[in-house]
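Q: Here's the letter readout for the chains.
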Amino acid sequence: MNKLALVTTLGLTLVFAAGCANKSVVRYGDATAVETTDINFGSTDLQKVAAQMTDSLFLSPVVGTLTQNTRPVMFVERLKNKTSEHIDTESITDSISTKLLRSGKFRFVDMGRVEAAREQLKFQHDGGMVDPSKATQFGRQIGAQYMLYGNLSSIVKSNQDKTDVYYKFTLRLMDLESGLVEWADETEIRKTKAKESVGW
Amino acid sequence: MLNCLLKRTLLILLLIVISGCATFQLNDLFQGYNSQMKPVKAAMLQGDFVKAKSQLNERDQSNNTYILSLLERGRLEFLAHNWSASQQTFAQAYTEIEAQRNKAKIQVSKGIEKLGAVVSNDNATSYEVPYYEQGMLHSYQALNYLFQHDLSGALVEIRRANLVQETALNVYKEEIYKAQNELNNSGMSTDSLQGGYPNMDRAIGKVKNGFQNAFTFYLSGILYEASGELNDAYIDFKRAIEIYPDNPYLQQDVLRLASKLGMQDDLIAFQQRFGKYQEKTLSGQGSVVVLVERDIVNSKQDVGLNLPVGRSNNGLKFFSFSLPVYEGALIQHNKLTLQNAGQTFQSNEIVRIQSLAAKDLKDHLPSLLTRQVVRVVAKEQVRQKLSREAGDVGNILASIYNIASEKADTRSWSTLPDQVDIIRFNTASGKQVLQIQLDGQQKSIEIDVQPNRISLISLSAIGRHIDYQSVNL
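Quick mapping for you: the protein sequence lines, in order, are chains A and B.
Going by the working numbering, the first residue of the first sequence is number 18, and it counts up by one from there.
Going by the working numbering, the first residue of the second sequence is number 34, and it counts up by one from there.
Each hint should be verified, as a subset may be incorrect.
As the list claims (entries may be wrong) - The list that follows gives simulated cross-link-like pairs (lysine-lysine, DSS-like), each with its CA atoms no further than 30 Å apart: (1) A:Lys-185 / A:Lys-97; (2) A:Lys-40 / B:Lys-136; (3) A:Lys-65 / B:Lys-136; (4) B:Lys-271 / B:Lys-147; (5) B:Lys-211 / A:Lys-174; (6) A:Lys-212 / A:Lys-116; (7) A:Lys-174 / B:Lys-395; (8) A:Lys-99 / A:Lys-174; (9) A:Lys-97 / B:Lys-293; (10) B:Lys-309 / A:Lys-210; (11) B:Lys-350 / B:Lys-368; (12) B:Lys-211 / A:Lys-179; (13) A:Lys-179 / A:Lys-151; (14) A:Lys-174 / B:Lys-271; (15) A:Lys-97 / A:Lys-174; (16) B:Lys-271 / A:Lys-185; (17) B:Lys-309 / B:Lys-368; (18) B:Lys-211 / A:Lys-212; (19) A:Lys-185 / B:Lys-350; (20) B:Lys-147 / B:Lys-350; (21) A:Lys-174 / B:Lys-309; (22) B:Lys-136 / B:Lys-211; (23) B:Lys-368 / B:Lys-206; (24) A:Lys-179 / B:Lys-350; (25) B:Lys-293 / A:Lys-210; (26) B:Lys-147 / A:Lys-212; (27) A:Lys-212 / B:Lys-350.
Said to hold, decoys possible - Where chain A lies over chain B, by a calculated footprint (3+ residues, C-beta under 8 Å): (28) 196-204; (29) 280-290.
Derived by calculation from the structure, the hints in this document are not laboratory data.
A virtual CB, placed ideally from N, CA and C, is assigned to each residue, including glycine.
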């Protein structure tokens, strides 16, 4: 009887000791698989938001007429992050603008790279290394006709049992000349997390 | 006999291994957190924050006081103006707090920790960050983002701080009520503490609860104002003024925004309370906000008492207890005087962290006491068993252990300021020199005021040491 207790204790000790030191494993996964590691804004939310917004933009009749004969030039202002999480909103706008560019219906100017472009042109003209007749000319860039901008806001509620997060993503397209908002849409995401009742 | 000894050793081994996933340092059990923090505070008073950081007790992630050590380190990095290091440390602390919050409702590891705490003391449990400390974490984090010129990151932290205060508002009362009930069930009440336990009312002052922090609201209002969200700013200023109705700078902020946003009813009500509002901003002027942090918050002290505990089999018996307490009254700090362009301003209190800390402790006394009762009874039983089985030696050893291990849990964020004051005024744009005076010390601050924008100065005065950082919002 005593021996049994001894062995059980020893066995339990070993199990617990092993439990504290698990081996880590590296694997490749599907980049578009649903990710539910925690309740925070994640890759699935990003993909969902970007896909729904671009689909809605393409299907809109207004945008259909805009892109009938021309490829309008757009620029992405920024997404205002109004949530309680540090979200890389540039990554969302990158996904959206890439999808729009890929469709071939729109063209983009990148405001984030204006300084770099200016530096390059300066080098071409003043650096003394580039043949002046072959240097890219200043003042020939095309101005954007439309501005894409939006908001990402969230409502977070939690109690002892669960946490609920609601995201609302609004995107708008403004005609810079007339100031009219030509298109707007929003997507919503709701996530809840129930706490487990018993755990380590 | 040998077999029995072997069995016990194994059992102890098992306990150690189980608790191995969340360890505590042995000296935490016998040396209080307050005395561990003494050299840190001494270095802070000399203005040597790098030395203060090196005096901090290193703790690894499995340690039960890990979160607290992150908070202390983050604060010291902040004081040393290492914004990005401070930001990373606080972010880590936030991750840990989130992990703690998302844990299962019934935690096996917590039960084991509590078991450990029963035979030692509360220092063996994981540190749970009080709401006012969580609020301060996000406030400093917001400042960290601001000083790295990321207003949108700062606003995220402000929203988190507001979430903390909202959660606290919902949960706090319930928690306190439950703890009170549990204590009553164990046949004790906080009234039995009277006499031996110092009254903390003088350390609490006037605060109504231990989590609502007007400083966080004010900072939030300023940041919302800077980002053009005046309505959000107005709401936060209104929340702040409910806590500090006498602060003249707050009164002006509320009146100004009420009139700007066209809140006629509010404006009439506020004007009745605070006097007629006159628009003072001239065109081309900018606004200057100074946050003044004063000194360091006190550490909890250990107080020993003898209390009767009723036990079913042999009636009342006196036991010696150890409980944490904030001793002494609030210190009256001198106001900071600021001169600029012929005008003189005096700083005004926006939060008293010492009061929040003391109030939080007072509200948590019932649950501390309940655990304490369980503990003294358990320790007494161990002593009786040992004295029966191992005679006098066992009795003496157990008694020594009981006395030595009877330490109050004095853990709290001990590098926070004691008090925060504010000053806000408008001044002409361009280079401005602010002359400040505090406790006989003078300092001049040079800032570049931009028209229609807010210049924020975070100033900390610890001991004889005055330090500041400014940023244009």
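Q: Each hint needs a verdict: does it hold in this structure or not?
A: Hint check results:
A threshold of 30 Å between alpha carbons decides the hint, and for Lys-185 of chain A with Lys-97 of chain A the separation of about 12 Å falls inside it, so the pair holds. Distance restraint check for Lys-40 of chain A and Lys-136 of chain B: the Cα-Cα separation of roughly 22 Å lies within the 30 Å cut-off, and the hinted pair is therefore satisfied. Proposed proximity of Lys-65 of chain A and Lys-136 of chain B is supported: the alpha carbons are some 28 Å apart, at most 30 Å. For a cut-off of 30 Å, the pair hint linking Lys-271 of chain B to Lys-147 of chain B is broken: about 42 Å separates their Cα positions.
This hinted pair checks out: Lys-211 of chain B and Lys-174 of chain A have alpha carbons roughly 22 Å apart, not beyond 30 Å. A threshold of 30 Å between alpha carbons decides the hint, and for Lys-212 of chain A with Lys-116 of chain A the separation of about 37 Å lies outside it, so the pair is violated. Restraint check: the Cα-Cα separation between Lys-174 of chain A and Lys-395 of chain B comes to about 28 Å, which is no more than 30 Å; the hinted pair holds. Between the alpha carbons of Lys-99 of chain A and Lys-174 of chain A the distance comes to roughly 15 Å, so the proposed pair stays at or under 30 Å and holds.
For the suggested pair Lys-97 of chain A and Lys-293 of chain B, the alpha carbons sit about 24 Å apart, so the restraint of at most 30 Å is met. A C-alpha spacing of about 50 Å is found between Lys-309 of chain B and Lys-210 of chain A, which places the hinted pair above 30 Å, so the restraint is violated. Distance restraint check for Lys-350 of chain B and Lys-368 of chain B: the Cα-Cα separation of roughly 51 Å exceeds the 30 Å cut-off, and the hinted pair is therefore not satisfied. Taking the CA atoms of Lys-211 of chain B and Lys-179 of chain A, the gap is near 20 Å; set against the 30 Å cutoff, the hint holds.
Under the criterion of a C-alpha separation no larger than 30 Å, the hint pairing Lys-179 of chain A with Lys-151 of chain A is inconsistent with the structure, at around 64 Å. The straight-line distance between the Cα atoms of Lys-174 of chain A and Lys-271 of chain B is roughly 23 Å, inside the 30 Å bound, and the hint therefore holds. Distance restraint check for Lys-97 of chain A and Lys-174 of chain A: the Cα-Cα separation of roughly 21 Å lies within the 30 Å cut-off, and the hinted pair is therefore satisfied. Restraint check for Lys-271 of chain B and Lys-185 of chain A: the C-alpha separation of about 27 Å stays at or below 30 Å, so the hint holds.
About 26 Å separates the Cα atoms of Lys-309 of chain B and Lys-368 of chain B, which keeps this hinted pair within 30 Å; it holds. Between Lys-211 of chain B and Lys-212 of chain A, the direct Cα distance comes to roughly 20 Å. Compliance with the 30 Å bound is thereby established for this hinted pair. Annotation: proposed proximity of Lys-185 of chain A to Lys-350 of chain B is violated, straight-line Cα distance about 61 Å (limit 30 Å). Distance check on the hinted pair: Lys-147 of chain B and Lys-350 of chain B sit about 24 Å apart at the alpha-carbon level, within 30 Å; holds.
Restraint check: the Cα-Cα separation between Lys-174 of chain A and Lys-309 of chain B comes to about 39 Å, which exceeds 30 Å; the hinted pair is violated. Using a Cα cut-off of 30 Å, the hinted pair Lys-136 of chain B and Lys-211 of chain B holds, with the two alpha carbons roughly 20 Å apart. Restraint check for Lys-368 of chain B and Lys-206 of chain B: not satisfied, since their Cα atoms lie roughly 34 Å apart, outside the 30 Å limit. Annotation: proposed proximity of Lys-179 of chain A to Lys-350 of chain B is violated, straight-line Cα distance about 44 Å (limit 30 Å).
Restraint check for Lys-293 of chain B and Lys-210 of chain A: not satisfied, since their Cα atoms lie roughly 41 Å apart, outside the 30 Å limit. A hinted pair counts as satisfied when its Cα atoms are at most 30 Å apart, and Lys-147 of chain B with Lys-212 of chain A qualifies at roughly 21 Å. A C-alpha spacing of about 42 Å is found between Lys-212 of chain A and Lys-350 of chain B, which places the hinted pair above 30 Å, so the restraint is violated. Requiring three or more residues with a Cβ within less than 8 Å of a Cβ of chain A, the coverage given for the stretch 196-204 of chain B holds, as 4 such residues are present.
Counting residues of the stretch 280-290 of chain B whose CB lies closer than 8 Å to any CB of chain A gives 0, so the stated coverage by that chain is violated, three being the minimum.
Figure legend: structure checked against the earlier numbered hints; hints not met, in rising order: 4, 6, 10, 11, 13, 19, 21, 23, 24, 25, 27, 29.
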